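Novice: Protein chains in written order, with my numbering: chain A, 1 to 239; chain B, 1 to 318.
These are calculated hints, taken from the structure and not from any lab test.
Just so we're clear, the structure is a prediction, and the values are computed from it rather than from any experiment.
Incorrect hints may appear among the rest.
[Said to hold, decoys possible] If you only want the chain A side, here are some residues facing chain B, beta carbon under 7 Å, derived:
{"#": "1", "residue": "T95"}
{"#": "2", "residue": "R98"}
{"#": "3", "residue": "R99"}
{"#": "4", "residue": "R109"}
{"#": "5", "residue": "L111"}
{"#": "6", "residue": "H113"}
{"#": "7", "residue": "L114"}
{"#": "8", "residue": "T115"}
{"#": "9", "residue": "E118"}
{"#": "10", "residue": "P123"}
{"#": "11", "residue": "V126"}
{"#": "12", "residue": "E131"}
{"#": "13", "residue": "S133"}
{"#": "14", "residue": "L154"}
{"#": "15", "residue": "L157"}
Idealized CB from N, CA, C, for every residue including glycine.
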Amino acid sequence: MDARTDRGTGSSLLGGMDEPVVRFENVGMRYGVGPEVLSDISFTIAPHSFQFLTGPSGAGKTTLLRLILLSVRPSRGLVSVFGEEVSGISSEALTSLRRRMGVVFQDFRLLDHLTTYENVALPLRVQGRAETSYRAEVVELLRWVGLGERMHVLPPLLSGGEKQRAAIARALIARPELLLADEPTGNVDPQLGRRLLRLFVELNRLGTSVLIATHDFALMDLVDARRFILGNNRLRIEG
Amino acid sequence: MSEGATLERAPRATPAADLPPTLRRNAPLVPTDTSAGRALAAVIAILTFLAALCAGGAEIVASSAAQWQGSVAQEVTIQVRPGPGRDTDADVATAAALAAATPGVAATRPFSKGESERLLEPWLGSGLDLGDLPVPRLITVRLGSGTPDLGSLRQRLAEALPGVASLDDHALWLSRLSTMANTVVGVGIAVVALVLLATGLAVTFATRGAMAGNREVVEVLHFVGADADFIAREFQRRFFRLGLRGGGIGAAAALGVIGLGGALARLWRAGPAGDEIEALFGGFAIGWRGYASVVLIGVIASVVTAVVSRLTVRRFLD
Numbered sequence: 001m002d003a004r005t006d007r008g009t010g011s012s013l014l015g016g017m018d019e020p021v022v023r024f025e026n027v028g029m030r031y032g033v034g035p036e037v038l039s040d041i042s043f044t045i046a047p048h049s050f051q052f053l054t055g056p057s058g059a060g061k062t063t064l065l066r067l068i069l070l071s072v073r074p075s076r077g078l079v080s081v082f083g084e085e086v087s088g089i090s091s092e093a094l095t096s097l098r099r100r101m102g103v104v105f106q107d108f109r110l111l112d113h114l115t116t117y118e119n120v121a122l123p124l125r126v127q128g129r130a131e132t133s134y135r136a137e138v139v140e141l142l143r144w145v146g147l148g149e150r151m152h153v154l155p156p157l158l159s160g161g162e163k164q165r166a167a168i169a170r171a172l173i174a175r176p177e178l179l180l181a182d183e184p185t186g187n188v189d190p191q192l193g194r195r196l197l198r199l200f201v202e203l204n205r206l207g208t209s210v211l212i213a214t215h216d217f218a219l220m221d222l223v224d225a226r227r228f229i230l231g232n233n234r235l236r237i238e239g
Numbered sequence: 001m002s003e004g005a006t007l008e009r010a011p012r013a014t015p016a017a018d019l020p021p022t023l024r025r026n027a028p029l030v031p032t033d034t035s036a037g038r039a040l041a042a043v044i045a046i047l048t049f050l051a052a053l054c055a056g057g058a059e060i061v062a063s064s065a066a067q068w069q070g071s072v073a074q075e076v077t078i079q080v081r082p083g084p085g086r087d088t089d090a091d092v093a094t095a096a097a098l099a100a101a102t103p104g105v106a107a108t109r110p111f112s113k114g115e116s117e118r119l120l121e122p123w124l125g126s127g128l129d130l131g132d133l134p135v136p137r138l139i140t141v142r143l144g145s146g147t148p149d150l151g152s153l154r155q156r157l158a159e160a161l162p163g164v165a166s167l168d169d170h171a172l173w174l175s176r177l178s179t180m181a182n183t184v185v186g187v188g189i190a191v192v193a194l195v196l197l198a199t200g201l202a203v204t205f206a207t208r209g210a211m212a213g214n215r216e217v218v219e220v221l222h223f224v225g226a227d228a229d230f231i232a233r234e235f236q237r238r239f240f241r242l243g244l245r246g247g248g249i250g251a252a253a254a255l256g257v258i259g260l261g262g263a264l265a266r267l268w269r270a271g272p273a274g275d276e277i278e279a280l281f282g283g284f285a286i287g288w289r290g291y292a293s294v295v296l297i298g299v300i301a302s303v304v305t306a307v308v309s310r311l312t313v314r315r316f317l318d
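So here's chain B without its partners, still in its complex pose (with noise of 0.2 Å):
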């Protein structure tokens, strides 16, 4: 058939130039304000929350564990036994200065007999006369830049003070802060996957009930000459916006809510508990690194609703 041949009798105006306003031209040909729409946006947007919290909590963890280590791993101590019959503070001095001609020790301190009895006061209590107890004195050493060879100080104390000094460089202490850091970290790794998971699984249900409930929009797109690609393109889309909304809503809470952690911490830290709060918490802040994952894990939610919804209706067609 020629062109326009269909409308010869019609009137030939100017009919785009007077349409309404307010007419709506490219409404989403599959609806998207629906309840069952409203609930899966709810469903992402709480799944959501759930994986950044966990996320964020994991990066909490991560940079207080690095915190920790970063100034744990600056020093090493060094622990001088009495013996019977020694002088302890010749032996000190000794080992103090074993430690200060070591290459890459930035500075030593010895704590005097006073110092290492008051550190005892937690456990013994003051007002104790503990001048007949042997006492271990301590010798912090902190450490410059560069790796100075903690090998060959440990060989040099037990050669000059076999029995007395010894070195303890935290290693133990690292690895396990190390691996605890790590398995939280991993723990919120396998959670976010797990609510991405379970996110996907939501949408393929979504997905398959939408198609049943719009099986006439489906037929009709069908019969008025839409492909298989362009129907799944309208689903994908409906979905991606759905994804994107709930997604949206559940990165937000859960920045809020991490936000307003921050707030509280720092409130607490002006209290009598704040100094154990920020030990343990660090800053309860989680960088830029923390809320990019957050965002990241919205972003993410509604990728894989998006490209789920479409895997989905493609096999539903097929």
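The following block holds chain A by itself, in its conformation from the complex (with noise of 0.2 Å):
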């Protein structure tokens, strides 16, 4: 694969001196009285990057990318998203920053009751945009994951691979600032994993930042781009 990633260490097309799209600094992280499962966890992730974040199951990488999407927040340290501080947010702020996000879930999270149009199209049609506005622009990607033959088609009725690709294609219709993905290839075969994969470095090419959360090493290996390494509750950094 030709992915030319910068290799997120800040240094980007605009030469490194935007402001990170996502910065932690000392997170911490525990569920109600509970153990820390994430520790002095401190990083950043540039406008136009690539990185991957891995490590053994169990080890935070859920917790981390919902620390990101705002859906917890830190038990103690410094969240930033988009240059703004997480700590008591407003709801509207809120918003506004998840819309600047495509983030694909590791179940997918589609509607069941919709078609694969309508959960394509979701993150518009919340935007408030009248459907005949974006029509052109959800079958055209659509088309282009492959599921062009299957828009009318209810979720539960999809395949696991088509699910995912579903799922990718609701993160990226918005043209996202960064995308967040959780094992967005564990469904599918090493294949279509590669080309979901070369997706991702395609819409990194055009300026959005990816993270994406696996252990799938094969994967990782396609792409020359930073590791974020979970393990013991702390993150190390490679590449």
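Make one complex out of these two single chains by using the hints.
Specialist: Shown next as structure tokens:
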């Protein structure tokens, strides 16, 4: 794969002068009164960068993604997203930050009562746009991810790979500045996995920062990108 | 990212043009046709039906009472009691003349001795010789337009025929009737208010249930950038639709029952008990005001459903 991603050190198409998309400083996270699942996590995600997040199951990959997504708040430390510190953030600001992110969940989280078309169009629909204004975009993207013939199908009737592609299309449709993906190639054969990865690389080349959580080393070896490795509740950065 | 950049490599076709015509594109984001939704619509329908029947019943009583009051208030009665050594016929004629001379009185009709005795037949039976009994005599005085001065008539009767003639303007009976009618209408309004309150509470619980049942939907909507207002609107739309369906069915059923009642009443009126039924229920017709209030209750039930669900969702999300 001819990935042309940056090394994710903050150097980017714009020369590394931009504010980081995500910044964590000494972040600790515990659920309730339990032990910390993440301790002293510090990193930045630069604009236009590409990185993997890896580590054994249960190492806290999903929690880290949830912290970036602002669906949980850190127990301590500082998290800032798109330059905004997230403690005490208003719900309006939270919504506008989320509109700048795309997310692919490990379990897809497609809405079962909506067609594939409606699922993919969801991020545009919740912005209050009229259906006719985004129809062409949605159909184009669906065709691009190979779901052109499946757009009227409800998710329960899609195969695992098709669901995954629908979830990815939903994450991409609003052209996010930051894409978070949790095991996005977990349910597909290696060939399709590579194709999806190429999609992310392409998206990154066009300016989106990408963070992919995976423990598929073969996949990571395909792209020369920074790796965030979680283990023993701590983060190590390679590359 | 620049406009259209994501799809740089995608084929540039005319995608919208060849979309399958059957493709569903804008289904409600909150699932509507669930068993919980149908149950809620049924609850709203039943509550609306009961409230509408109640309102219809109150309307029938109110309009019948108004009819009775109208016809009763058109008349007053002068009672002339026979006394020892008095010429009752002359007393009746005096009283009738006094009444007729009062401004605002349209007509007077003295009951003859025979007619007065016949009035007692239902109680005493027929075939009796009541000649020796001191049967009081009645004069009905029909009032015309304007307000006759009944006070001065009463006074003049007392002066001309002291202890013999008295004027009954039915005020006591009218006030009792109006109290009864107002009570029925008040109870009707209270029941309608209670039913709407019950609807609101049912919707609150149903909305909470729906929020819990659709937690996944709410979470996904949040992640794709929906704000609380958007989510509340989606839920409100769903519940308004359910409320409209329930309210519509309930109001339609109530209108059907009232219509059926009217038809049956017309059928019975032809029979022997018809006069009593008509006297009691009027025409068993609720008039446009009654129909309007039934429809209004259906609409209010839907609006209550929408507003309550929105408030519940907002509180849940905040």
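Novice: Next, verify each hint and record whether it holds.
Specialist: Hint-by-hint comparison with the structure:
A cut of 7 Å between beta carbons decides the hint on T95 (chain A): the least distance to chain B is about 4 Å, and the hint holds. With a cut of 7 Å, the hint placing R98 (chain A) at the interface with chain B holds, because the nearest CB-to-CB distance is about 5 Å. For R99 (chain A), the interface hint holds, the least distance from its beta-carbon to any beta-carbon of chain B being 4 Å, beneath 7 Å. Given hint, R109 (chain A) at the interface with chain B, holds; its Cβ is 5 Å from that chain's nearest Cβ, closer than 7 Å.
A cut of 7 Å between beta carbons decides the hint on L111 (chain A): the least distance to chain B is about 6 Å, and the hint holds. The beta carbon of H113 (chain A) is positioned within 7 Å of a beta carbon in chain B (closest approach about 4 Å), and the interface hint is therefore held. Interface restraint check for L114 (chain A): the shortest CB-CB distance to chain B comes to about 6 Å, inside 7 Å, so the restraint holds. At a threshold of 7 Å, the smallest CB-CB gap from T115 (chain A) to chain B is about 5 Å, leaving the interface hint in force.
Here the hint on E118 (chain A) is kept, as its CB sits about 6 Å from the closest CB of chain B, short of 7 Å. Below 7 Å, beta-carbon pairs count as interface contacts, and P123 (chain A) has one with chain B at about 4 Å; its hint therefore holds. For V126 (chain A), the suggested interface contact is upheld, since its CB lies about 4 Å from the closest CB of chain B, less than 7 Å. Below 7 Å, beta-carbon pairs count as interface contacts, and E131 (chain A) has one with chain B at about 5 Å; its hint therefore holds.
The closest approach between the C-beta of S133 (chain A) and any C-beta of chain B is roughly 11 Å, which is over the 7 Å cut-off, so the hint fails. Hint on L154 (chain A) is violated. Least Cβ distance to chain B is approximately 9 Å, over the 7 Å limit. For the restraint placing L157 (chain A) at the interface with chain B, the shortest Cβ-Cβ distance is roughly 14 Å, beyond the 7 Å limit, so the hint is violated.
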